[in-house]
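Put together the whole structure using the sequences plus the hints.
Line by line, the protein sequences give chains F and H. Position 158 (the first sequence) corresponds to 300 in the numbering used here; numbering is contiguous. Position 13 (the second sequence) corresponds to 257 in the numbering used here; numbering is contiguous.
Simulated from the structure, these hints should not be mistaken for laboratory data. Some hints could be false.
Said to hold, decoys possible - Facing chain H, according to a computed beta carbon distance under 7 Å, are these residues of chain F, among others:
#1 236
#2 273
#3 280
#4 288
#5 331
#6 332
#7 384
#8 388
#9 576
#10 583
All C-beta atoms in this analysis are idealised placements derived from N, C-alpha and C, irrespective of residue type, glycine included.
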Amino acid sequence: MELSRFERHSEYCWALPRSCAMRVPALLYADEDLLKDMDDKVGEQLVNVASLPGIVHAAMAMPDAHWGYGFPIGGVAAFDPGDGGVVSAGGVGFDISCGVRTLQTGLRRKDVEPIKEGLAHELSRQIPAGVGSTGRIRLDEAEFDRMLTGGAHWAVQRGWGEPADLEHCEDGGRVEDALPEAISSQARRRQRDEMGTLGSGNHYLELQEVAELYDAKAAAVFGLGVGDLVVSIHCGSRGLGHQVGTEFLREMVVAAPDFGLDLPDRELACAPIESALGGRYLGAMRAAMNCALANRQILTQLTRESFERMLPGARLRVFYDVSHNICKEEVHDADDGTRKKLYVHRKGATRAFGPGNPAVPEVFRPAGQPVLIGGSMGTSSYILAGTDAGEQLAFSSACHGAGRAMSRHQAARRWKGRSVVEDMAERGIVVKSPSLRGVAEEAPGAYKDVTRVVQVADAAGLARRVARLEPVIVLKG
Amino acid sequence: MAQAWEHFAHGADIGVRGRGATLAGALSAAATAMTAVVTDPEAVRQTDAIEILCRAPTPELLLVDWLNSLVYEMATRRMLFSGFEVECEGSVLRARVRGERVDVRRHQPAVEVKGATLTALDVHRGEDGTWVAQCVVDV
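Now the structure itself:
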């Protein structure tokens, strides 16, 4: 984007002031290089989001922002229901509650190195991944509804995990006020064979080594040390969430005129939070969030089973689970200085509550909420911690990943899947994927530099770096 | 003109575009473009057929509904499609689509399509009479 369009508020905060239909300004957190590299569409989309009814403070973009649909990916926007605020299906996205769960293994590199290939093979055998894969769990209607209201709790009750897992999940592993009756028969059908599946594209399961610590105090609170091995699982609500997003996006487009919403772009399709459609979407979205939590819980248990077979006695504990495609009811500071209940959309952005927040597991409160940032295949991932400053900056939100630097087709033309796998092998990384074309499209060079994104998120005060993780085993869909 | 399809760039996702002498032809070509997001359409055998019916108030939403119907069938039947016989009459689309179950080894499917978006959504007839149907699909 052209920098001259912006007012520079600080080294890492750039503003597009209010103009025309904008109700609030747009704020972008980036350095000069990241901002220059962002597509002009990010600015256009932020300006459009800033014009929506009930928006509070600003439409915001994180350092990894890129062109999305309606809202930019890496976008944050909060709406006041008492001021006609809206909820947007496009502002959440198709992959509802896509997120990252990280498990601590208690293992070190030397424990795994001799059986690395075997463990990778075992994981690829146990974790259904890729197009056309199916899970091993089938639910009848009543049980399906229990899953939609119970989330990870439901999964643990059915033997897919341990009660202690739930204490380290956002929302304790279960989102309240889900409406299973708002989930269509098509969405149910689409999920029927997909419980406990990883998906494809940029979804992955990785065994990672803690390679560097930036904040020894926070790392101690998190229980992370250099050389520790962790497992990170990146996936969402699978077919159910995709279908919910599809159906409500269309319904909101058609209904917009009935709500008197004059949308600058139909992709902003939304409904007033306090309307019947808005309420129904929120209920369906929460059910999809529970589906995602249940899915990551099942994958956790499948991972444990694989480790148990290859490394008997290994004990995997949930470190944290946090989503980055959501709309959540939270209390934040409004522009008039009062504390208000707002609906915060985070589309490709991660909640990042600061130290002491009661929504953060007690053991982490001295440091702040863990913020799990997935890199792309073969690159670093990061664990950050939420800050006090994040509340004022971006409703306690941070980035979620790197974002693509080139299209899938460009990537597939530039790299061959087999060479990508061989290059990674030379670096000591085992890659397992059912599709070499998929590997080529996800080549590390096809993504922006996640390290720079995280450095800027840290420098901007959105969240602070705690640990860098490097991949050892990569399982791709 | 013959049906033709192509992809166009979008930051994280991918745009599908179909061209044809008729609206039905453009929608058919857009469907082929969507299959090509996942695999080479020429690698998909046409062993099974299913029927699809869509109704929408505008040609643009008809394209979105059509692609989303295919996404749904691909996901629930674990199939890929390469043959699209499409008829359009007013706001109604009827289609017979042919394909086969996913064969991971042969198809090497790169990515699943989650849904058709309203981004870069456009259906129009150009000055030369060619129909164009396009949108971004989320992968």
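Going through the hints against the structure:
no. : hint : in the structure
1   : 236  : holds (4 Å)
2   : 273  : holds (4 Å)
3   : 280  : violated (14 Å)
4   : 288  : violated (22 Å)
5   : 331  : holds (6 Å)
6   : 332  : holds (5 Å)
7   : 384  : holds (4 Å)
8   : 388  : holds (4 Å)
9   : 576  : holds (5 Å)
10  : 583  : holds (5 Å)
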